[in-house]
Structure formats: structure tokens, C-alpha cells
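Chemist: One letter stands for each residue in the lines below.
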Amino acid sequence: MLYRTGPLILVFGTALLLIIAFFIPHKPFGDLEARFLNWYAIISGFTFLLGLDSLARHHLIKIVRREKGWFYSLLLVTSLFGTLFWGLYSWIRYASPFALNAPFMWLYKFMIIPLQATMFATLAFFIFSAAYRAFRVRNLAATLLLIAACMVMLGNVPIGSSIWAGISWLIHQIFPNTNLEILKRWELFAAAKDWLMAIPQAAAGRGIGIGLALGGIAMSLRIILGIERTYLSS
Amino acid sequence: MKPTFLPVWRTLASIDRRIIYLLLTIVVVLPLIIHPKIKVRVSEPVRAAFESIEKLPQNSVVMISIDFDPSSAPEVQPMLIAILRHCFKKNLKVILTGQLALGLPLGEIALNQVSGEYNKVYGRDYVNIGYRPGSTALMVGIGREIRDFFKTDYRGVPLDSFEFMRRVHNYHDIALLVTLAHGAVADAWIQYAGARFNQKIIVGCTGVNAPNMYQYLSAQQITGLIGGLQGASEYETLVEKPGAATLGMPAQSTAHALLIILLIIGNIGFILSKKKI
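Listed in order, the protein sequences are those of chains A and B. Residue 1 is where the first sequence starts when you use our numbering, and the numbers rise one by one after that. Residue 235 is where the second sequence starts when you use our numbering, and the numbers rise one by one after that.
Some clues are possibly wrong.
[Said to hold, decoys possible] Just so you have them, the derived chain A footprint on chain B, three or more residues with Cβ under 8 Å:
(1) 303-313
(2) 329-339
(3) 382-390
(4) 397-409
[As the list claims (entries may be wrong)] Computed list of chain B residues with no C-beta within reach of chain A, every gap over 10 Å:
(5) Ser277
(6) Val355
(7) Lys434
(8) Ser452
(9) Gln454
(10) Ile494
No wet-lab data here; the hints were simulated from the structure. Each residue gets a CB set at the ideal place from its N, CA and C atoms; glycine is no exception.
So here's chain A without its partners, still in its complex pose:
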């Protein structure tokens, strides 16, 4: 009985105290909130250990059992503990692993930065190829999306301004009465991009944001009131 109701009471009580502390930030609730925040920080620190344990255990088992891809697990475990070792060594020897002359910083500059940057840069190729295949004028909505995407892409880079300068010149040649300088300053692509980002895009984003917040509140209430109990594995 207590196994089930105990955590529910604990969650309800803690949430109630935190809500009170938020609206009444005076003693004793204000101090209580500070204490809770410190506990939260400590607990979140320990989650790193939990992650380390889970990751190391999973891959060590794979290595011991010689499961498929065990060599990659070996690489992972070696890198993990190698990084940990150099981090601790740098901490003891240089007061911080982030000291510029520390061995950890060497590892960071010449391994972590290039590896992560390469991984992220590779995405550009896939996105590029996917965009080429996905942006097709199949219907009105897809066409509008394509036009908006092109406007944003052109408005976001200096080449957009150069293209617009060329178009302005062309318009001026066809209609000599138009003022070329005013046309150039109009910067159609950049102006369209600014408008698209600030108005339709932000409106949609705000709607999604409000929806997410309402969903978050609803889920929090379900957890506080004990309706949602999945965290108890029930």
C-alpha cells in the first residue's frame, strides 16, 4: 500500500510546496524553494553517474559476450574512460580540465571539436539532398512552402542582395522612370524573409508554444494529482 501511495503523497506534497513557494517567495517558503533548487542540482549531477553506469555496463557486456559490433563498444569504452582519465588528471594537475595548457584541452581541441563539427557538417549534405527531393510543386500548399523557403534562403545571405540589385537594374532598364536607388534599397528578398519570420512563422510558432505549455500544465496536474502514474511503472 505504502509502496504505491508513498511516492504519490511525496510528489503531491513537494509540488504543493513549490507552487506555494513560487507565489509566496517570503520566509519560510522562499528558503524552502532555494533548498529544493539545490537538491535538484545535486540530483541532476548524480544523473550523470547514472548515465555513465548505464552506458559503461551496456557496452562492457557487449565486449565480454563478443556481440555484434563489440569492437565499436571497445572504442567507446576506451574513449570514455580515456577522456575521464585526462579530465581528472588535468583537474588535479592544472586546477581545471579547461585550463588552456591542460591535456584534456588538447583532447578537446583536436578530437572532440573536429569530430562533433564533422558529424554536424555531414548533416548538410543529407538536408541538401532531401530538400531537393522534397520541395516539389505538388499542390498549392507545397508551392507556397517552396516559394517561402526560397525567399528565406535568398534573404538570409548576401547573394540575395546582389540578385535583387540585378533585378532592380533590369526593372530600371524596362521602366526607365523608376528610381534605381529606391528599388535597390527595397531589398525584396531580405524584406520578404524578415516579414515571413516575424509574422506568419512567429504566429505559428507561438501557437505551437502555447499548445505545448498547456500540454505541460495538463501533464503536470495529472502527475501532481496522481492520475498519471507511469513514473511508478504502473
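Using the hints provided, position chain B relative to the given structure of chain A.
Modeler: Positioned in the frame of chain A, the structure of chain B alone reads:
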């Protein structure tokens, strides 16, 4: 009657991805080798971010949070360097912190580079307080007392041993918070430090994240926005010190242009391949 496909149009609509990869490589690498000169247009959100720092009186405290890691460094690191240059030029005091442990060394590298350019001294002009776990709890906690979470700097030196840090206790003492983020951390700073403690915030983020920030910008929950490599190059233009972002813009320009050309070709092929003969 079934539509008849013309092979040429069909080819245009389905160019081999290896050709696309090759073209992309060429249009990105060539401008990086040639370094063509480009003129950067400064957008309003970036100008607003610049003005937020420009208007601060001397010795004001600016807290910069490194909320990105090396994967986003090519886009966000130039922003950090440009902002540090601006802060040091204006004689502002800088506190560096971060919500991603793996991002902080990037901050240390940038500080080391820029402080030398302006003869700034660690502890007198800037402090790196490092990383602490806690995320949103930490953001709320700083509103009460920064020492509850950061008793020392990243090397273990007590905060009170730095003169300007003795007057910094919470958000009231921080004139501006700059979050350089590649994920949802910027949202959290806005929601916790901004909404609850009225902290003035500017956001620098990757191009992918920038659209999510416009709603905060138009609601004036942030006072400026620097989005992606373009935003970084605009900020570099404003501080009159072109750097990595300005160097990278021609490559980004040509890549965007190539994609638009490919989209046009692909769509012409798509439309014509569907036409009945």
C-alpha cells in the same frame, strides 16, 4: 491515358545524390579558398542585439552563457568572439558560464583570444564561473543568489576574491544576459530568468533555432536576436571586425544559390515529366 515520362525531365527531377554532394562540396570549398568580398546587410534583430550592449554604461555586468557545444561552434563561436570584442571595447565586465559542460572550453578559448586584443585581465575585467549541473534550477537560483550555485570560479577561486564579483549577487546586478544556444536552453533562460526576474536577454543561436526565437523577439521577451552564421557576420560587421562568420558567408551564399537552382531544375523536371504527350 497514362502519363508518358520523358527521360530527360525525369533525370532532372531525380539527380543522383552523389552529384548533389559533389556540387555542394565545390560551391562550399571554392569560396573558402578564393575569399570573395561580400557586403553584409545588417538586419533589425541583430542591430537590436548590438544596441542592447552598446547602450550599457561602462562597468556594467554582462553574463554570457555558453549553451552550445562543438557541433554548433562554426555558427555560434563567431558570435561569442564578436560579442566579447564588443563588451571589452565598451569596458563591460563579463561573467562567462554555461549550461553545457562540453561548451565551456569554447568560451575559455574565445576569452583567451579576445582578452589579449583588449588587454583585459582575468578577475578584473572578466570571470569564468564554469558549469554546474541543475539547468532550470540554476537559472531560478541565480535570481536569489549566484553563490548558492557558484561559490568559486572554474578554477576553484572564491568569487568574492574578484573585485567586480563582490557586487554581483543576482539578476539585479546583471545588466544583460547573453545566451548563445543551439537547443532549447535559450527558451529556458527566457522562461525562467526573463519571465520571472525580468532579466534583459539577447539570444544568439544556430540558424535552425532562430525561427523559434522570433516569437520572443516580437513579444519583447528578448531584446535582440543573432541567428546563424548570417547573424554572426552581421554582428561582426557592426563591431567592425570581420571574422570567421564573414569569411564563411560567401560559401553559405553559394550553397543557398545552388539549392535554389537545383529546386528550379528539379521542379521543371517534375512538372514536365508529368505532362502527357
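Chemist: Each hint needs a verdict: does it hold in this structure or not?
Modeler: Against the structure, the hints come out as follows:
1. With a threshold of 8 Å between beta carbons, the proposed coverage of the stretch 303-313 of chain B by chain A holds, since 6 of its residues qualify and at least three are required.
2. Counting residues of the stretch 329-339 of chain B whose beta-carbon sits less than 8 Å from any beta-carbon of chain A gives 3, enough to reach three: the coverage restraint holds.
3. Beta-carbon proximity to chain A at under 8 Å applies to 5 residues in the stretch 382-390 of chain B; the threshold of 3 is reached and the given coverage holds.
4. With 0 residues having a Cβ less than 8 Å from any Cβ of chain A, the stretch 397-409 of chain B misses the three-residue criterion, and the hint is violated.
5. Listed as outside the interface, serine 277 of chain B is inconsistent with that label: its C-beta sits roughly 6 Å from the nearest C-beta of chain A, within the 10 Å cut-off.
6. Listed as a non-interface residue, valine 355 of chain B keeps its Cβ farther than 10 Å from every Cβ of chain A; the least gap is roughly 16 Å.
7. The claim that lysine 434 of chain B lies off the interface holds: its Cβ sits roughly 20 Å from the closest Cβ of chain A, which is beyond the 10 Å cut-off.
8. Non-interface status of serine 452 of chain B relative to chain A is broken: a Cβ of that chain comes within 10 Å, the nearest being about 5 Å off.
9. Every CB of chain A is more than 10 Å from the CB of glutamine 454 of chain B (nearest about 12 Å), matching its label as outside the interface.
10. With a least beta-carbon separation of about 5 Å from chain A, isoleucine 494 of chain B fails to lie farther than 10 Å from that chain, contradicting its non-interface assignment.
Consistency note: the structure conflicts with the earlier hints numbered 4, 5, 8 and 10.
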